[in-house]
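Student: Could you put the whole structure together from the sequences, leaning on the hints where they help?
Number of protein chains: 2
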Amino acid sequence: MKFCPNCGSDRLEKRIPAGDNRPRLVCLNCKTIHYSNPKVVAGCLPVWEDKVLLCRRAIEPCYGLWNIPSGYLENGETVEMGAEREVHEEAAAKVRITYLISMYSLPKINQIYLQFVGELINGAYGVGEESLESKLFTEAEIPWEEMAFTSSTFALRRYFEDRKAGLQRLHRGEYPML
Amino acid sequence: MKFCPNCGSDRLEKRIPAGDNRPRLVCLNCKTIHYSNPKVVAGCLPVWEDKVLLCRRAIEPCYGLWNIPSGYLENGETVEMGAEREVHEEAAAKVRITYLISMYSLPKINQIYLQFVGELINGAYGVGEESLESKLFTEAEIPWEEMAFTSSTFALRRYFEDRKAGLQRLHRGEYPML
Numbered sequence: 001m002k003f004c005p006n007c008g009s010d011r012l013e014k015r016i017p018a019g020d021n022r023p024r025l026v027c028l029n030c031k032t033i034h035y036s037n038p039k040v041v042a043g044c045l046p047v048w049e050d051k052v053l054l055c056r057r058a059i060e061p062c063y064g065l066w067n068i069p070s071g072y073l074e075n076g077e078t079v080e081m082g083a084e085r086e087v088h089e090e091a092a093a094k095v096r097i098t099y100l101i102s103m104y105s106l107p108k109i110n111q112i113y114l115q116f117v118g119e120l121i122n123g124a125y126g127v128g129e130e131s132l133e134s135k136l137f138t139e140a141e142i143p144w145e146e147m148a149f150t151s152s153t154f155a156l157r158r159y160f161e162d163r164k165a166g167l168q169r170l171h172r173g174e175y176p177m178l
Numbered sequence: 001m002k003f004c005p006n007c008g009s010d011r012l013e014k015r016i017p018a019g020d021n022r023p024r025l026v027c028l029n030c031k032t033i034h035y036s037n038p039k040v041v042a043g044c045l046p047v048w049e050d051k052v053l054l055c056r057r058a059i060e061p062c063y064g065l066w067n068i069p070s071g072y073l074e075n076g077e078t079v080e081m082g083a084e085r086e087v088h089e090e091a092a093a094k095v096r097i098t099y100l101i102s103m104y105s106l107p108k109i110n111q112i113y114l115q116f117v118g119e120l121i122n123g124a125y126g127v128g129e130e131s132l133e134s135k136l137f138t139e140a141e142i143p144w145e146e147m148a149f150t151s152s153t154f155a156l157r158r159y160f161e162d163r164k165a166g167l168q169r170l171h172r173g174e175y176p177m178l
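Quick mapping for you: the protein sequence lines, in order, are chains A and B. This note's numbering numbers the first residue of the first sequence as 1 and each following residue consecutively. This note's numbering numbers the first residue of the second sequence as 1 and each following residue consecutively.
Honestly, I wouldn't trust all of these hints.
Which copy is meant is left open, because identical chains are indistinguishable; a pair holds if it fits in one copy or across any two.
[To be verified] For lysine-lysine, the following DSS-like pairs were computed, each having C-alpha atoms within a straight-line distance of at most 25 Å:
hint, residue 1, residue 2
1, Lys2, Lys108
2, Lys51, Lys135
3, Lys108, Lys39
4, Lys135, Lys164
5, Lys51, Lys94
6, Lys2, Lys39
7, Lys164, Lys108
8, Lys51, Lys108
9, Lys135, Lys94
10, Lys31, Lys2
11, Lys14, Lys39
12, Lys14, Lys108
Calculated directly from the structure, the hints in this document are not laboratory data. For clarity, every value in this text was computed on a predicted model and none was experimentally measured.
Tutor: Quick look at the structure:
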């Protein structure tokens, strides 16, 4: 931020506002305090029979690598709505959400992943605009070395472990480990 | 937002950028697209013996009403760190997080609540700057009619129900019901 979104002034300075305990970007002209907060990345792992659906990214970062359909939650959405939308946008598919499998914090880049497991409706899918390819994988076929993000590797590994044990539960993680 | 934070121009317009599917605030001068996303509210219900710790708000909205210690997640934090900080700021207390009890979406005001249950360390607490009062309540003593937010009522009711059943589990909710 180089100019104040409220008054257009360039007199922005990092300082700790009265009653606060951390530095914020404050406009010295109109006194507005500008807050910046982490974003939610919502996603869902679509499951069909013994397979899961992954998408190969057609966008940076991690172009060409595989991922659980996920993306920034939008204003006006519940977390569930955002996850369903991402599956639709990236894999042209519909899911019925089953449970939340992962809450995964990335404090260095101010992102919180919230990823579900869902049932892939009718086993049907396609390729969304942000994907190069979508594909159903058995556990043995997962391209572990070509996964885009640790958040998705984390959720996928827990999914397969828990499936063997008959469990549906939330896992919490973070990267880097603090 | 009245001025572009990138170039200071007031030529901002809502339009759907190429490759996007929803209106964004776009600067017609420097072409920057300005995104706005939901915020995470992190919190934790501190438990001590058969009681839970609530705080009475010294700030608006809902001044004077009771709440589970909760507040906006900050950049650089994991969800757990944010929840622990809020307990410290609002109740001058320390908690050991046990489990995530609630993921609660408020799509009309672009907030996602993520609330834990935690163990109140040594049963010690005080009154933070944003609180008028902190107090341990048994279930029978909870001031249900003086609770600040539906998100906390939701988590509290589920907590007491599950405690009777010996369960520790996540509940998902939203307001208003969609």
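Student: Hint by hint, say whether it matches the structure.
Tutor: Structure-based check of each hint:
1. Lys2 / Lys108: within (22 Å within a copy, 29 Å between copies)
2. Lys51 / Lys135: Classified as within; 9 Å inside a copy, 50 Å across copies.
3. Lys108 / Lys39: both (12 Å within a copy, 17 Å between copies)
4. Lys135 / Lys164: within (22 Å within a copy, 44 Å between copies)
5. Lys51 / Lys94: within (15 Å within a copy, 43 Å between copies)
6. Lys2 / Lys39: Both. Shortest intra-copy (21 Å) and inter-copy (22 Å) distances satisfy the 25 Å Cα cut-off.
7. Lys164 / Lys108: neither (33 Å within a copy, 39 Å between copies)
8. Lys51 / Lys108: Answer is neither: 33 Å inside a copy and 36 Å across each miss the 25 Å cutoff.
9. Lys135 / Lys94: Intra 14 Å, inter 46 Å, cutoff 25 Å: intra-copy only.
10. Lys31 / Lys2: Both, since 15 Å and 15 Å are each at most 25 Å.
11. Lys14 / Lys39: For Lys14 and Lys39, the Cα distance is within 25 Å both inside one copy (21 Å) and across copies (21 Å).
12. Lys14 / Lys108: within (19 Å within a copy, 31 Å between copies)
In the structure shown, a violation is registered for the earlier hints numbered 7, 8, in ascending order.
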